[in-house]
Amino acid sequence: MVILAFLSPWLIGTTVFFVYPLLSTVWFSFLHYDQITPATWVGLRNWTYVLTEYDGFWQALRNTLWFVAAMVTSRVVFGIGLGLLVTKVKTGTRTFRTLFYLPYLAPPVAATIAFAFLLNPGTGAVNTILGAVGIPTPGWFNDEHWAKPALTLLALWGVGDLMVIFMAALLDVPRELYEAAELDGAGAVRRFRWVTLPMIRPIVLFAVVTGVIQTMQYYTQAVVAGKVASGIVDAPGTSFEPGYPHGSTLTLPQLVYSLGFQRFDTGSACVVALVLFALAMAFTSLLLRRRAGLLGED
Amino acid sequence: MGSTLVAPAVADAPALERPHRTPRARLEWIAVHSLAVGLALLFVLPFVFLLLTSLMSDHQALTTDLWPRTWRVQNYVDVLRADGFLTWWKNSLEYAVLGTVLTLLSSIPVAYALARFRFRLRRLALTVVIATMMLPPQVVIVPMYLVWARQLHLDGTLWPLIIPMAFGDAYSIFLLRQFLLTIPSEYVDAARVDGCGELRTLLRVVLPMARPAVVAVGLFQFFYCWNDYFGPQIYASENPSAWTLSYGLETFKGAHHANWNLAMAATILVMAPVVIIFFFAQKAFVEGVTLTGVKG
Chain Z
1 MVILAFLSPW LIGTTVFFVY PLLSTVWFSF LHYDQITPAT WVGLRNWTYV LTEYDGFWQA
61 LRNTLWFVAA MVTSRVVFGI GLGLLVTKVK TGTRTFRTLF YLPYLAPPVA ATIAFAFLLN
121 PGTGAVNTIL GAVGIPTPGW FNDEHWAKPA LTLLALWGVG DLMVIFMAAL LDVPRELYEA
181 AELDGAGAVR RFRWVTLPMI RPIVLFAVVT GVIQTMQYYT QAVVAGKVAS GIVDAPGTSF
241 EPGYPHGSTL TLPQLVYSLG FQRFDTGSAC VVALVLFALA MAFTSLLLRR RAGLLGED
Chain H
1 MGSTLVAPAV ADAPALERPH RTPRARLEWI AVHSLAVGLA LLFVLPFVFL LLTSLMSDHQ
61 ALTTDLWPRT WRVQNYVDVL RADGFLTWWK NSLEYAVLGT VLTLLSSIPV AYALARFRFR
121 LRRLALTVVI ATMMLPPQVV IVPMYLVWAR QLHLDGTLWP LIIPMAFGDA YSIFLLRQFL
181 LTIPSEYVDA ARVDGCGELR TLLRVVLPMA RPAVVAVGLF QFFYCWNDYF GPQIYASENP
241 SAWTLSYGLE TFKGAHHANW NLAMAATILV MAPVVIIFFF AQKAFVEGVT LTGVKG
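For the protein sequence lines, the chains are Z and H, in the order given.
Take the first sequence: its letter number 158 is residue 158 in our numbering, and every next letter is one higher.
Take the second sequence: its letter number 201 is residue 201 in our numbering, and every next letter is one higher.
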């Protein structure tokens, strides 16, 4: 009884805000519903439309997977690198840690507007400096080939969370292991490969899986960068087509928003939502299989 | 570069000499620190350029100049006086404070139950917590919106975002539980022997020991609300008087598209509370982030 009392807020919450809407999403995916006229049953019509006729879906899926691959890999590698660097710094460790961590806290909208300004091709500080040094200046958020890399740079600026996690993991590696490896004549590279990496492997795995799931929710930065770079004012009622330029930054979460709340195609939005759900749960089950490490002694 | 995690070889360094006295160690010290300084500069420069631009005149902000010719502090006053800005500030604060308090009140007992009690279906409960934690909010947004807006008529307000927080937040439950697992069960057992009820044990014994975790989770939730863009966009976009700073900032930029100086001043004003709170609660943050990855 006590247990039930303690769990009750969450039991209600999970039913009302998780189970119910999830089942509704499945139900809506079989309906044609424009949110004004009554819904009608259309069977698999929304599914065949989204999966076989609607190019935007495949573009969004490709972009989402691109972001997952590029952002997660570069963030984890860079995060380990920064973690290593900060553990080696002997003077001003705290200051460095703070400076590397701070951008992670910057509100995503503010950080994105800042980057859209700094990377703005005409007058932005980055291209001004690159131009002065004689490096070719890309169009960043205004160029369909550079928009995704520009967003990846923004994600790397916010790598502070991973740096802290890896720093803690690196400091936990027993020093004796390094001493033993050094006595055996292992150089820095081999010590990293055969001592550090195996010891921090669980944390790397954790960072990869949570990174994948976070990146599948990638939304705010892509929307805001597209709006600021395209200069389209998003007043209520007007519709900014997400994915600027040329759909290059369109992701699955943005497609859900666009289909459901701009085009009022509820059924198709729910189809995309369920694809996103399937992808997220596939990766979550990967994480759950490692539950021993994640959930503690169970 | 050799690893300074490794103690210097005994043959190279006499016992009492400081490690960086050897030529190789000194070179390494220089290499590591210059790399760190260079990277730190790259991390800080965006903030510096923002700050500089926010102080430029309207005209100069449109040029490639990096350094302000006149220092126009008035930009900040203009932003604070701009339509809606203070209202959005108030809304953000309301959303973040109410959201954080409700999340903590509802999540702490759940986390305690999941960490301390053994019961059937506990594994299932944990699995559901993790599944909800990993669920992209967009998956369930369509039916959620239809209920809040079409049946309860709460669109145009932030209540559809605040109310659910009174029913536990998966991420907070997970983090708190991970921390509560590390508290030795002897303390809880002792309280029970002394005749403490579960609620009193939680409030008097466990909670005081879990303070760092509660502070960290509270801060994370506060910033989650403060930074939220998707939620206010879904529920409040049609009613500017319910916008939050995060959502309003982007539209502010849109409405003042020719004034990068004002946009940057506004951007700084949205970042400022986060940075200020961080400097006061740095330890809690670092502990909290570490908790997410390392514990267990």
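Treat the hints with caution; some may be incorrect.
Simulated coverage check for chain H against chain Z, where a stretch passes if three residues somewhere in it have a Cβ under 8 Å from a Cβ of chain Z [said to hold, decoys possible]: (1) 30-41; (2) 58-69.
Just a sample of chain Z residues kept apart from chain H, beta carbon distances all over 12 Å, derived [as the list claims (entries may be wrong)]: (3) W47; (4) Y49; (5) E53; (6) V77; (7) A110; (8) I135; (9) P136; (10) E144.
Calculated directly from the structure, the hints in this document are not laboratory data.
This one's a predicted model, so the numbers in the text were calculated from it and none came from an experiment.
Just so it is clear, CB atoms sit at the ideal spot from N, CA and C, and this is done for glycine as well.
The hints, checked one at a time:
1. Chain Z is given as covering the region 30-41 of chain H, and this holds because 6 residues of the stretch bring a CB closer than 8 Å to a CB of that chain, at least three being needed.
2. With 4 residues bearing a CB less than 8 Å from a CB of chain Z, the region 58-69 of chain H meets the requirement of three and the coverage assertion stands.
3. Its beta-carbon lying about 15 Å from the closest one in chain H, W47(Z) satisfies the requirement of being farther than 12 Å from that chain.
4. Non-interface status of Y49(Z) relative to chain H is upheld: no Cβ of that chain comes within 12 Å, the nearest being about 16 Å off.
5. The beta carbon of E53(Z) is kept farther than 12 Å from every beta carbon of chain H, the shortest such distance being approximately 20 Å.
6. Non-interface call for V77(Z) relative to chain H: holds, since the shortest CB-CB distance, roughly 14 Å, exceeds 12 Å.
7. Distance check on A110(Z): its Cβ comes as close as 5 Å (rounded) to a Cβ of chain H, failing to clear the 12 Å threshold; non-interface status is violated.
8. Against the 12 Å criterion, I135(Z) stays outside the reach of chain H, whose nearest CB is about 15 Å from its own CB.
9. No beta-carbon of chain H comes within 12 Å of the beta-carbon of P136(Z); the shortest separation is about 17 Å.
10. With a cut of 12 Å on Cβ distances, E144(Z) stays outside the contact zone with chain H, its closest approach being about 22 Å.
This entry does not satisfy hint 7, going by the numbered hints stated previously; all others are met.
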